[in-house]
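A.B. asks: Assemble chain Y onto chain C, guided by the hints.
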Amino acid sequence: MKSKDNSKLMMTLMKGRTFIVLVVLLIFFSIANNKFLQVTTLTMLAKHVALYGILAIGMTFVIITGGIDLSVGSVVGLAGMIAGGMIQEGVTLQFAGVTLYFSVPMIVIFSIILGGLVGLVNGFIITKLGVAPFITTLGTMYICRGFANLRSGGATFSSIAGEEGLGNTGFKSIGGSIGIIPVGAVIFLILAVIGAVLLKKTAFGWHVLAVGGNERSARLSGIKADKVKIIVYIISGVMAAIVGLINTAQLAAAHPASGDSWEMNAIAAAVLGGTSMAGGSGTIVGTIVGAFVIGVINDGMTMCGVSEFWQKVIRGFVIIAAVVIDQMQRNMEAKMALQSRNENK
Amino acid sequence: MFDDPNVVLHCEKIDKIYPGTKALDGVSFDVLKGKVNVLIGENGAGKSTLMKMIAGIEHPSAGTMYMDGKEIVLKDTNAAREHGIGIIHQELSLFPNLNIYQNIYMGHEQKKGFFLNDSAHSEGAKKVLQRLEHEMDPNTMVGDLRVGQQQMIEIGRNLLQNNLRILIMDEPTSSLSTAEVQVLFKIMRELTAAGISIVYISHRLEEIMEIGDHVTILRDGKYVADADVKDIQLSWIVKNMVGTDKSYRRIPRTIDLKKQPEILRVEHLSLPKRGGGFLVNDVSFDLKKGEILGIYGLLGAGRSEVFECLMGMHPESTGKIFLEGKEIKAGSIAEQIERGFAIVPEDRQAMGLVQSLDIEHNLSLSAIKDYRRGGFFVDEKKQAEKVEEEIKDIHIKVADKSLPILSLSGGNQQKVVIGKCILTGPKILLLDEPSRGIDIGAKTEVFDIIHKYAEEGLSIIVVSSELKEIMAIADRIMVLSNGLKTGELLGEEITEDNLVLASYAGHHTDNGKKESQK
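In the order they appear, the protein sequences are chains C and Y. Per numbering that gives the first Met the number 0, the very first residue in the first sequence carries number 0; after that it's consecutive. Per numbering that gives the first Met the number 0, the very first residue in the second sequence carries number 0; after that it's consecutive.
Okay, chain C solo, but in the shape it has when bound:
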């Protein structure tokens, strides 16, 4: 009986391990550097985590269906460049000889639709043309990065404040703060709640889990698996576009290389949060904790003066360790299920 209680405690610890790691990291870095727990540091942390976290929410949906979306980092850059360009240069219609300037809400909507379209293209190629998700999104990753550079010939759009006369001011406020809380973090929180509810409380969420768990059974149950997959890539694309907007507003400039390799942070956050790369399981709450772990490791190590090269090495170890522990947990769960089944007999 005693050993059973022990293993139950062990399971609880295992399940909350990412959260425990997060707390340990916070304590560690606050001891290592007494500036870590200051308001300025934490708001900076919140800004960073919001960016990875929003990407990771979309990525979690994609990975649960058994897919992957490598294009999100490039969509961050593309959406930023499109928005920045629309503010700084407007849209010139050559045949009419006029340049149109749009209001900020219009620009935001346009960028988000663009992100959704990239997702739609990804989903269409994957489901209807049967190309593997890895290859499809690797392709769109390059395409989007290319277009982001083409928009300005590789240059940065640095005047995104807008002009009163053109009626396109206010974009920077997306990167601002409400009190001490960054707007990006508020958006992250809202999207996280929507994502969690969508996955847990709606039929769509069930269908995402079903498609990832057993696609054949899902189809036999009358679920339109292709439609579900296309929608998750659209979600992922939209999230990436939102991150592109926030990032551009925070930096007060749109740079075509923005978001480079951020897809890896998003994948890492999802995996750290317990999303299985094989599909079928994962939670938004887990992903958010995962995003915080990534953020704390990055910012904490930077503040402690760890070189960026060592940071990469450590991040790699953390990700592999997380998956190894995840496997251990699964094996343990299977063993315990078998045990309790035998005892019930």
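To be clear, the hints were calculated from the coordinates, so they are not data collected in a lab. Any given hint could be a false lead.
[What the hints assert, rightly or not] Straight-line alpha carbon distances no greater than 25 Å define the calculated BS3-like cross-link-like pairs of lysine-lysine that follow:
1. Y:K111 <-> C:K223
2. Y:K426 <-> Y:K385
3. Y:K287 <-> Y:K21
4. Y:K111 <-> C:K200
[Said to hold, decoys possible] Derived list of chain C stretches under chain Y, where covered just means 3 residues or more per stretch with a C-beta under 8 Å from a C-beta of chain Y:
5. 195–203
6. 208–219
Keep in mind the model is a prediction, meaning the values are calculated, not measured. Ideal placement from N, C-alpha and C gives every residue a C-beta, glycine not left out.
C.D. replies: For chain Y alone, kept in the frame of chain C given last:
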């Protein structure tokens, strides 16, 4: 067009053509209202294919379906559902990563506005489980359940349907215990009493006599016979299932097997099943040099598992294996191949061939380490010679050995798999359903090859679920049923009746005892 008040659904001359084979050939079939309509036939007779048409999973190549006299076209499972047709699949189609109520309600969720109504799901699932006499916490993950319990969930999913009119059950009892089967039968009687029609597919003949109302027999994709269960006996079913038209010539053996030395002896072989019971239950047999031993049994009788144990794929199995008088421990596949075992697996495409390689490299795959020069490089000349030899030896019809493997017909692909094993120079060759998916001409050729190598002194064990074939090819037949050895037939004893009766003797043995006491 078609109108009979006792018939809910009528299939008229259904054809189904898959590339290379005709799975159904002009089959007409009636589903009688409020009855248990039994569909039987050997493996590959077309039962499951016909049911998939009715459930909207597959579409007929030709033919029409009528429901209540009106023509219907079922474009997918949702369309079938709208017509009140539900199906319980042969292979479980559940989501192990989700809990019981999610599985039960998947695809027809209860909603409160935009959100899911989980309390309704939970309540509904509880009621269904109660009706199935399997009260479980609906929050339990389905992956943690026993197979029998999972089967109950699968059945439960269909009981939710309010407009249910036809319920198709494709071998629902294959993983149930005796008690669970009785619960299922009780529910089936409730359903038919409520006017719901059941289409029941089963290999267990005694079950059919117990629960069935009307029997339809298919053979090789064609309709053979139908009758009310009260008018027939088991022997009628067996006779019609097996048929009399198809038979293979038996080639006489020149070796006197009585004088041959024993090469393999297996004693008390057992393989435990996950979640209790045995896949192979205390099976003992022997094999002589140059002998062809047949293993006959229904799907899930434990035939392939015996092979897997011999090949060292189940180190957890118990019992003793003696090779040429010496006891061996079957620990790994590589070890067993080294000792002279070779296997031609049941699933040729998935386990027998490497589709991306050409014919030559598929043939030499297992023996390639014997063609090395300097311990590292492949001696391509030697490889080519050996492959050429083998191609001639087993009559593979091929223009060029560097053609892709998939350019060959199914029969020739199978010969390549057999050839691959022969090239390793085995002592014992295990053939798992060697004639599956190949045409009748190629079957005879495969049998000739088996016979040829046996005459040359190779010991062979053949697993087959086709009676006529195993009777034509084997010198001696061991029958497995539900993991138990239920018969060993030699010479005159090898008859269709004996084989079929033995092949279901292992099921519900406690039931059988009760019957005989009466």
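A.B. asks: Compare the structure with each hint and give your call.
C.D. replies: Here is how each hint holds up against the structure:
1. For the suggested pair K111 (chain Y) and K223 (chain C), the alpha carbons sit about 21 Å apart, so the restraint of at most 25 Å is met.
2. Taking the CA atoms of K426 (chain Y) and K385 (chain Y), the gap is near 18 Å; set against the 25 Å cutoff, the hint holds.
3. Using a Cα cut-off of 25 Å, the hinted pair K287 (chain Y) and K21 (chain Y) is violated, with the two alpha carbons roughly 39 Å apart.
4. Proposed proximity of K111 (chain Y) and K200 (chain C) is supported: the alpha carbons are some 10 Å apart, at most 25 Å.
5. Judged by the Cβ-Cβ criterion of 8 Å, the stretch 195–203 of chain C is covered by chain Y as claimed, because 4 of its residues qualify and three suffice.
6. For the stretch 208–219 of chain C, the stated coverage by chain Y holds: 10 residues have a C-beta nearer than 8 Å to a C-beta of that chain, and at least 3 were required.
Taken one by one, the earlier hints fail for this structure only at number 3.
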